[in-house]
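Chains as they are written, first to last, in numbering that gives the first Met the number 0: chain A, 0 to 262; chain R, 0 to 215.
Don't take each hint at face value.
As the list claims (entries may be wrong) - Which bits of chain A does chain R cover? Going by a derived footprint, with three or more residues having C-beta under 8 Å, they are:
{"#": "1", "region": "44-57"}
{"#": "2", "region": "117-127"}
{"#": "3", "region": "211-224"}
What the hints assert, rightly or not - Among chain A residues calculated to face chain R with C-beta under 7 Å, some are:
{"#": "4", "residue": "Ile40"}
{"#": "5", "residue": "His67"}
{"#": "6", "residue": "Leu79"}
{"#": "7", "residue": "Ala81"}
{"#": "8", "residue": "Val84"}
{"#": "9", "residue": "Ser86"}
{"#": "10", "residue": "Leu87"}
{"#": "11", "residue": "Val131"}
{"#": "12", "residue": "Ser134"}
{"#": "13", "residue": "Cys151"}
{"#": "14", "residue": "Val158"}
{"#": "15", "residue": "Ile176"}
{"#": "16", "residue": "Ile179"}
{"#": "17", "residue": "Phe205"}
{"#": "18", "residue": "Ile255"}
Hints are computed from structural coordinates only; laboratory data are not their basis. Even for Gly, the Cβ is constructed at its ideal location relative to N, Cα and C.
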Amino acid sequence: MKTLSDHIPDLNLITYYAENQRSWFSGMSPWTKFILLILVILMVTLTSDSIILIGLYLVILGAYTSAHLPVRKLFAWYILPALFVLSLVGIMAWNEPGITIISFSIGKIPFILTDRGILLVLGLLLKALTVVTYSLFFLMTTRYQHFAAMICHIFPYPVDQIFLMAYRFLFLTLAMIDSILKAVNSRGGGVIHSIRKQGRMFAEVFALVFIRSFERSERVHKAMIARGFSGSYSTTVEVPALTLYDYLIVGAGAAIVIAVAIK
Amino acid sequence: MAHIHLEDGSFTLFWACVWWAIALILISAALLWVRSGKKIDNRRITLAAFCTAAAFAVFQVSIPIFGGIHLNLTPLIGILIGPAFGSFVVLITNILSAAIGHGGWGMIGANLLVNIIEVIVAYVLFRVLKKIFPGPFARGGIATLAGLFCGNLAMIAIIIISGVQGFTQTPSQILGGLVLIAGVNMGFAFIEAGISAMIISYIIRVRPDMLESERS
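Please work from the sequences and hints to get the whole structure.
Right, here's the structure in full:
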């Protein structure tokens with residue numbers, strides 16, 4: 000999908016790996032991976048120790064690599080969280096106390112970038128990449144049917160219904176946007192002529208997406224009613240329960256997080 | 000768009016939990032409101048699902064203005080499907096975004112607050128301004144701009160209250176940096192308001208029954 004943003008993870012590729020990847024991790028209970036996600040988030044929230052953070056990142060990257068997931072793609076997808084960190088924290092890093100690396104002033108306002116400011120940005124970047132790597136690892140080693148069952152367990156009605164339908168329709172909508180943008184490009188669109196022209200063109204593209212989505216939702220709703228839809232989009236698959244190994248992994252993870260919190 | 004550009008580990012555990020708790024209270028209130036009425040219309044659930052998919056997909060399109068910007072169209076969602084279902088849509092969109100690294104999991108609570116404010120303000124203003132601006136373009140643009148402005152204020156307030164872990168700057172120093180970001184955001188907000196106004200005008204011409212705020 001060339002017309003969509005290149006730095007955003009490709010959902011079709013993620014789904015391909017989730018459905019076809021058969022490593023040890025894909026056999027692990029999705030609940031274990033979900034609990035580990037919470038523990039990873041807790042860990043990066045509770046500690047700023049660079050040794051612990053680097054260790055955690057390397058362990059997760061090791062798991063990602065050993066599951067035969069695409070490492071080069073992962074590094075390309077890092078652009079999004081990296082931009083996130085730099086766009087806000089990159090500005091806040093200026094004027095932190097420490098050894099001056101760069102300094103200048105605009106008018107009477109001084110701008111000083113110190114070693115501590117840079118380290119804070121790098122620390123937050125490492126935290127962001129750690130969680131993103133684990134999130135993508137979780138997505139790419141868990142089958143859709145298990146995610147669907149987990150959504151039904153976690154979210155109340157009607158949020159679970161909206162979530163399940165949205166996930167199912169996401170791929171259709173992405174394909175629709177891609178084909179609309181290709182049609183626009185084929186007519187010479189996509190190059191900046193003026194903000195007004197470009198804005199109008201994209202407004203029409205987005206409006207068309209919403210209108211087509213709306214019309215498709217009406218058609219799908221009628222088709223679902225015809226097939227006996229009663230308002231509940233249920234799943235028939237049970238999420239695999241935690242085994243002894245799962246309990247051991249979760250227990251070890253929780254113990255490490257508690258140790259880091261107490262430290 | 001106003002979306003807190005921070006990843007996991009930026010807020011302390013306490014503040015991440017506080018924003019999550021407030022956001023969950025708002026989502027629960029929306030759930031109670033939706034469930035308190037007559038049976039939920041399945042058609043609205045399907046529409047909300049498609050809006051979620053459309054909003055998330057639109058969010059992924061890079062518009063080649065000022066080097067490339069992204070829209071999230073939360074005010075438009077509020078105008079289209081109302082504040083309650085709009086809150087569910089932004090909840091799911093934020094979860095899907097966090098899953099691919101566009102915002103942290105721990106930041107979903109704070110981002111939900113920002114987005115719910117955008118949804119509610121845009122929805123209310125679009126309805127209230129009908130007598131003053133009968134035309135959908137000006138009304139949609141103003142409602143979107145006001146929604147995004149309030150979202151920006153919420154973003155600044157949340158970051159100043161929470162602080163960012165490790166940074167020693169005072170709230171006034173943080174405010175300086177945030178005002179710069181909010182200024183850039185508001186520049187984009189004008190573009191998003193213009194695009195949303197065009198979308199609303201287009202939808203009203205083609206499918207006026209789509210708009211929740213026009214139906215009720």
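Exercise for the section: May I ask which of the numbered hints given earlier this structure violates, with the numbers listed in increasing order? Expected result: As far as the earlier hints go, 5, 7, 13, 16, 18 are violated by this structure, in ascending order.
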